[in-house]
Amino acid sequence: MEKRIEIEEVVAKGCPDYCIIYMEADVENGPVSDQLRTEMERLTESIAALYAVEDVNKRAPIAATRKAYKRFGKDPNRYRPSQEQLMRRVVRGLGLYNVNLLVDTGNLLSLSSGWSVGVFDRDRIEGEVIRVGVGADGEPYEGIGRGPLNIAGLPVIRDAAGAFGTPTSDHERTRTELTTTRVSVTMHIFDSSVADIPATVAMLEDLFRRHCNATEVQTIVVRP
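If you're matching positions, the sequence shown starts at 25 in this note's numbering and goes up one per residue.
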């Protein structure tokens, strides 16, 4: 395992049942495959049949994430967690954009589990330590496809160069490209009492092995 994960006290106190699932792997990226597209279509059809828009934020993992946002002083209706954004698009019949194998596999994992998933180019993460904390006032952040994002009060992960991931949006600096061959994947579990952690780890590893040919897979679960 190349990176060490540390959870700051502000997160440990605010969310004592928090844990982060962290995976490193060598991968292959490319255009979205027919297999991945079919699996995503089946899942989105199932979700659309099970949920109405007003029920999305009641799904246990999403509710736990929104509760964490409120504890840290962030409005989850203005800064929706990424998995909630995905589910709302699906339930409203807007569909999902296909990006590439890594991004779409992360989206599949997020929709399947209900938790926020970050997929990062590991070679763009600086230093040996990844810290889980909370965003500060005025802290710079460039969200993928969003431009400058106010991350004050958002749960964040930081490396030696600063914040590069939140449950709302990942940072442009560490985004994956078609040339990405090594990834770091994070799953923020804000209430482990509503999560089957071993099953979630197994799902994470299986999806990236099947769709991104992941090898040298290493996964850890870190708690406060």
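Since the hints were derived computationally from the structure, they do not count as laboratory data.
Note that CB positions come from ideal geometry on N, CA and C, so glycine has one too.
Don't take every hint at face value.
Stated by the list, open to error - Simulated pairs of lysine to any residue, SDA-like, Cα-Cα distance not exceeding 20 Å: (1) Lys91 to Arg102; (2) Lys27 to Val246; (3) Lys94 to Val34; (4) Lys37 to Thr243; (5) Lys82 to Ser136; (6) Lys37 to Arg116; (7) Lys27 to Thr243; (8) Lys91 to Glu48; (9) Lys94 to Glu78; (10) Lys94 to Lys27; (11) Lys82 to Glu48; (12) Lys27 to Glu48.
Stated by the list, open to error - Using C-beta positions, here's what the derived DEER-type ranges look like: (13) Glu32 to Lys94: 28 to 38 Å; (14) Glu78 to Asp50: 37 to 47 Å; (15) Thr205 to Arg61: 31 to 41 Å; (16) Arg116 to Thr239: 30 to 40 Å; (17) Arg116 to Val153: 31 to 41 Å; (18) Asp147 to Lys37: 31 to 41 Å; (19) Leu118 to Ala84: 31 to 41 Å.
Checked hints:
The hinted pair formed by Lys91 and Arg102 meets the criterion: a straight-line CA distance of about 14 Å does not exceed 20 Å. Between Lys27 and Val246, the direct Cα distance comes to roughly 12 Å. Compliance with the 20 Å bound is thereby established for this hinted pair. Our distance criterion of 20 Å between C-alpha atoms is met by Lys94 and Val34, whose separation comes to about 14 Å. Using a Cα cut-off of 20 Å, the hinted pair Lys37 and Thr243 is violated, with the two alpha carbons roughly 24 Å apart.
Distance restraint check for Lys82 and Ser136: the Cα-Cα separation of roughly 15 Å lies within the 20 Å cut-off, and the hinted pair is therefore satisfied. For a cut-off of 20 Å, the pair hint linking Lys37 to Arg116 is broken: about 36 Å separates their Cα positions. Under the criterion of a C-alpha separation no larger than 20 Å, the hint pairing Lys27 with Thr243 is consistent with the structure, at around 11 Å. A threshold of 20 Å between alpha carbons decides the hint, and for Lys91 with Glu48 the separation of about 28 Å lies outside it, so the pair is violated.
Restraint check for Lys94 and Glu78: the C-alpha separation of about 19 Å stays at or below 20 Å, so the hint holds. The straight-line distance between the Cα atoms of Lys94 and Lys27 is roughly 29 Å, outside the 20 Å bound, and the hint therefore fails. With a C-alpha separation of about 31 Å, the suggested pairing of Lys82 with Glu48 is violated against the 20 Å cut-off. Under the criterion of a C-alpha separation no larger than 20 Å, the hint pairing Lys27 with Glu48 is consistent with the structure, at around 9 Å.
Our hint of 28 to 38 Å for Glu32 and Lys94 is violated, since their Cβ atoms are close to 18 Å apart. Against the hinted window of 37 to 47 Å, the Cβ-Cβ separation of Glu78 and Asp50 comes to about 42 Å, which satisfies the hint. With their beta carbons about 22 Å apart, Thr205 and Arg61 fall outside the hinted range of 31 to 41 Å. Distance hint check: the CB atoms of Arg116 and Thr239 are about 37 Å apart, consistent with the given range 30 to 40 Å.
As the Cβ distance of Arg116 to Val153 is approximately 39 Å, the hint placing it in 31 to 41 Å holds. Restraint check, Asp147 to Lys37: a C-beta distance of roughly 33 Å satisfies the suggested window 31 to 41 Å. Leu118 and Ala84 have their C-beta atoms about 23 Å apart, which leaves the hinted 31 to 41 Å range violated.
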